[in-house]
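Sequences listed follow chains B and C, in order.
As numbered in the numbering used here, residues 1 to 165 make up the first sequence, in order.
As numbered in the numbering used here, residues 1 to 259 make up the second sequence, in order.
Keep in mind that the hints were calculated from the coordinates and are not lab data.
All of these numbers come straight from a predicted model, not from anything done at the bench.
By construction, the Cβ of each residue, glycine as well, lies at the ideal position given by its N, Cα and C atoms.
Warning: the hint list may mix true and false statements.
[Claimed, not checked] A short list of chain C residues far from chain B (calculated; beta carbon distances all over 10 Å):
| no. | residue |
| --- | --- |
| 1 | 15 |
| 2 | 70 |
| 3 | 84 |
| 4 | 109 |
| 5 | 129 |
| 6 | 146 |
| 7 | 194 |
| 8 | 195 |
| 9 | 210 |
| 10 | 219 |
| 11 | 224 |
| 12 | 227 |
| 13 | 244 |
| 14 | 257 |
[Unchecked claim] Below, computed lysine to aspartate or glutamate pairings styled on EDC-like, alpha-carbon distance capped at 20 Å:
| no. | chain 1 | residue 1 | chain 2 | residue 2 |
| --- | --- | --- | --- | --- |
| 15 | C | 183 | B | 71 |
| 16 | C | 20 | C | 227 |
| 17 | C | 158 | B | 160 |
| 18 | C | 183 | B | 119 |
| 19 | C | 61 | B | 119 |
| 20 | C | 61 | B | 71 |
| 21 | C | 244 | B | 76 |
| 22 | C | 26 | C | 231 |
| 23 | C | 158 | B | 162 |
| 24 | C | 61 | B | 76 |
| 25 | C | 158 | B | 119 |
[Said to hold, decoys possible] Just so you have them, the derived chain B footprint on chain C, three or more residues with Cβ under 8 Å:
| no. | segment |
| --- | --- |
| 26 | 22-35 |
| 27 | 113-121 |
| 28 | 148-157 |
For reference, the chains in residue letters:
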Amino acid sequence: MALRMWASSTANALRLSCVSRPPLSPAFSLSRCFSSVLDGLKYASSHEWVKHEGSVATIGITHHAQDHLGEVVFVEVPESGGSVKKGGSFGAVESVKATSDVNSPISGEIVEVNTKLSESPGLINSSPYEEGWMIKVKPSNPSELESLMGPKEYTKFCEEEDAAH
Amino acid sequence: MTVPQASKVGLPLMNLVRFKGVPILKQLHLEERLLRTSSDNWCIVNDGTNAPTIVMGLSGKPSELLEVGSVLQDKVPVIKRFTGGGTVIVDPGTIFVTLICNRDSVPGVQPYPRSIMHWSGLLYNEVFEGFGDFRLHENDYVFGNRKFGGNAQSITRKRWIHHTSFLWDFEARNMAYLKLPQKAPEYRLARSHMEFVCRMKDYMTRSVFIDKTLKAMENHFSVRPVEVDVDASVHDAGFVHSTKVLMKHELEEALPISI
Numbered sequence: 001m002a003l004r005m006w007a008s009s010t011a012n013a014l015r016l017s018c019v020s021r022p023p024l025s026p027a028f029s030l031s032r033c034f035s036s037v038l039d040g041l042k043y044a045s046s047h048e049w050v051k052h053e054g055s056v057a058t059i060g061i062t063h064h065a066q067d068h069l070g071e072v073v074f075v076e077v078p079e080s081g082g083s084v085k086k087g088g089s090f091g092a093v094e095s096v097k098a099t100s101d102v103n104s105p106i107s108g109e110i111v112e113v114n115t116k117l118s119e120s121p122g123l124i125n126s127s128p129y130e131e132g133w134m135i136k137v138k139p140s141n142p143s144e145l146e147s148l149m150g151p152k153e154y155t156k157f158c159e160e161e162d163a164a165h
Numbered sequence: 001m002t003v004p005q006a007s008k009v010g011l012p013l014m015n016l017v018r019f020k021g022v023p024i025l026k027q028l029h030l031e032e033r034l035l036r037t038s039s040d041n042w043c044i045v046n047d048g049t050n051a052p053t054i055v056m057g058l059s060g061k062p063s064e065l066l067e068v069g070s071v072l073q074d075k076v077p078v079i080k081r082f083t084g085g086g087t088v089i090v091d092p093g094t095i096f097v098t099l100i101c102n103r104d105s106v107p108g109v110q111p112y113p114r115s116i117m118h119w120s121g122l123l124y125n126e127v128f129e130g131f132g133d134f135r136l137h138e139n140d141y142v143f144g145n146r147k148f149g150g151n152a153q154s155i156t157r158k159r160w161i162h163h164t165s166f167l168w169d170f171e172a173r174n175m176a177y178l179k180l181p182q183k184a185p186e187y188r189l190a191r192s193h194m195e196f197v198c199r200m201k202d203y204m205t206r207s208v209f210i211d212k213t214l215k216a217m218e219n220h221f222s223v224r225p226v227e228v229d230v231d232a233s234v235h236d237a238g239f240v241h242s243t244k245v246l247m248k249h250e251l252e253e254a255l256p257i258s259i
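Next up, chain B with everything else stripped away, as it sits in the complex (with noise of 0.2 Å):
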């Protein structure tokens, strides 16, 4: 209860919310406040998440990529008009001594670039799903979306992955 309580006023003084409601900001998992899983996105299992609206779906990598990776430094991103495949690596991230690729969830064409990132690698840490997105693309099959996780099944997903290691 205490906890309910203090979990309740710090969110009102970061004006966050644990219930969902049409949003100006992404509302959290009811299950857990402060939670690293969004409501509203789908997820991959290489962890990078995507926020489809209308014609134009967001693509970034999740708080658990970036918890794990550590201090990004560097960010590689493609150039805007260029295409990406499901599954396939569309740029890479440097943290601690590692490239590591990340992966686009759909299909599609790259309409935009976030270019915050080349001067700023770090909002990829502290803004995973805001202003660490990565690129915009507008989808060639919105049906890949639909084999994505949701955010209960890929809270579960990383659960079960950390507990395997």
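Given chain B, work out where chain C should sit, using these hints.
Chain C in isolation, oriented as in the chain B frame:
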């Protein structure tokens, strides 16, 4: 009749390639191609490269990491590799050990930098046991607080590479081509290159190191030696390497502007 070795039963297969004196560019091209286009596990050992070469990580900037004027004057080649990590100058005294693995071949290791790095530290613990105060320290292999092995990785959806340049020996004057990096491990404590690194030759011979490394691999993999023609394998139609040699003009652009 051959009696199968019980310890090898169930271990994933690993192809072992041994080179001596192969140019580092060819080695990196081979590694990148194997990571991206092969589905096998590989261990590559290159016992020294043929000539002093500077190798930067993917995001390395010559202006920040190199004494570009000296590098240009002495015509030292500079390579930008496909993996992350820092800048090294390699030469015949450097021993390279590379592991390219399917993620499923190394259970218990998540395809993330820290997990792979930790596992590698356990592997090399087996190699260096009894040879010095070895440990993995902030992503470097050290004896005491002196670095002798630098690591870098690249991670794809299903595979990863972890490669190491071991300073069995080095020319002190070559270190002068490298600036003190802005991002340095905490334990470096602003030490100069010569105060920060040490030579493996003070601890073991080349052959003992390589033999013990291969023995450690055999505890985790079923290792089979294979022959690879590094020259033939470099030119693989359809695969575009990202590892490249920096051109003279790219280095010249990194020269400080004199007023």
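Comparing the hints with the structure gives:
No beta-carbon of chain B is positioned within 10 Å of the beta-carbon of residue 15(C); the least distance is around 22 Å. Annotated as non-interface, residue 70(C) keeps its C-beta farther than 10 Å from every C-beta of chain B; the closest such distance is 26 Å. The beta carbon of residue 84(C) sits about 4 Å from the closest Cβ of chain B, which is not more than 10 Å, so the claim that it is off the interface is violated. The Cβ of residue 109(C) sits about 7 Å from the closest Cβ of chain B, inside the 10 Å cut-off, so the non-interface label is violated.
With a least beta-carbon separation of about 24 Å from chain B, residue 129(C) lies farther than 10 Å from that chain, consistent with its non-interface assignment. With a minimum CB-CB distance of about 18 Å to chain B, residue 146(C) clears the 10 Å threshold, and the non-interface call stands. Distance check on residue 194(C): its Cβ is at least 22 Å (rounded) from any Cβ of chain B, clearing the 10 Å threshold; non-interface status holds. Under the 10 Å C-beta cut-off, the non-interface status given to residue 195(C) relative to chain B holds; the minimum distance is some 22 Å.
For residue 210(C), the non-interface assignment is confirmed: its Cβ lies about 23 Å from the closest Cβ of chain B, beyond the 10 Å cut-off. With a least beta-carbon separation of about 20 Å from chain B, residue 219(C) lies farther than 10 Å from that chain, consistent with its non-interface assignment. Non-interface status of residue 224(C) relative to chain B is upheld: no Cβ of that chain comes within 10 Å, the nearest being about 27 Å off. Every CB of chain B lies more than 10 Å from the CB of residue 227(C), the least distance being 29 Å, so the non-interface label holds.
For residue 244(C), the condition that its CB be more than 10 Å from all CB atoms of chain B holds, with the nearest at approximately 14 Å. The beta carbon of residue 257(C) sits about 21 Å from the closest Cβ of chain B, which is more than 10 Å, so the claim that it is off the interface holds. Taking the CA atoms of residue 183(C) and residue 71(B), the gap is near 12 Å; set against the 20 Å cutoff, the hint holds. The straight-line distance between the Cα atoms of residue 20(C) and residue 227(C) is roughly 13 Å, inside the 20 Å bound, and the hint therefore holds.
Restraint check: the Cα-Cα separation between residue 158(C) and residue 160(B) comes to about 18 Å, which is no more than 20 Å; the hinted pair holds. For the given pair, residue 183(C) sits about 16 Å from residue 119(B) by alpha-carbon distance, which is consistent with the 20 Å threshold. Under the criterion of a C-alpha separation no larger than 20 Å, the hint pairing residue 61(C) with residue 119(B) is consistent with the structure, at around 14 Å. Restraint check for residue 61(C) and residue 71(B): the C-alpha separation of about 18 Å stays at or below 20 Å, so the hint holds.
Under the criterion of a C-alpha separation no larger than 20 Å, the hint pairing residue 244(C) with residue 76(B) is consistent with the structure, at around 16 Å. For the hint pairing residue 26(C) with residue 231(C), the CA-to-CA distance comes to about 7 Å; that is within 20 Å, so the pair holds. A hinted pair counts as satisfied when its Cα atoms are at most 20 Å apart, and residue 158(C) with residue 162(B) qualifies at roughly 16 Å. Restraint check: the Cα-Cα separation between residue 61(C) and residue 76(B) comes to about 14 Å, which is no more than 20 Å; the hinted pair holds.
Distance restraint check for residue 158(C) and residue 119(B): the Cα-Cα separation of roughly 29 Å exceeds the 20 Å cut-off, and the hinted pair is therefore not satisfied. Only when three residues or more bring their CB closer than 8 Å to a CB of chain B does the claim for the segment 22-35 of chain C stand; here the count is 0, and the claim is violated. With 5 residues having a Cβ less than 8 Å from any Cβ of chain B, the segment 113-121 of chain C passes the three-residue criterion, so the hint holds. Counting residues of the segment 148-157 of chain C whose CB lies closer than 8 Å to any CB of chain B gives 7, which reaches the minimum of 3, so the coverage claim holds.
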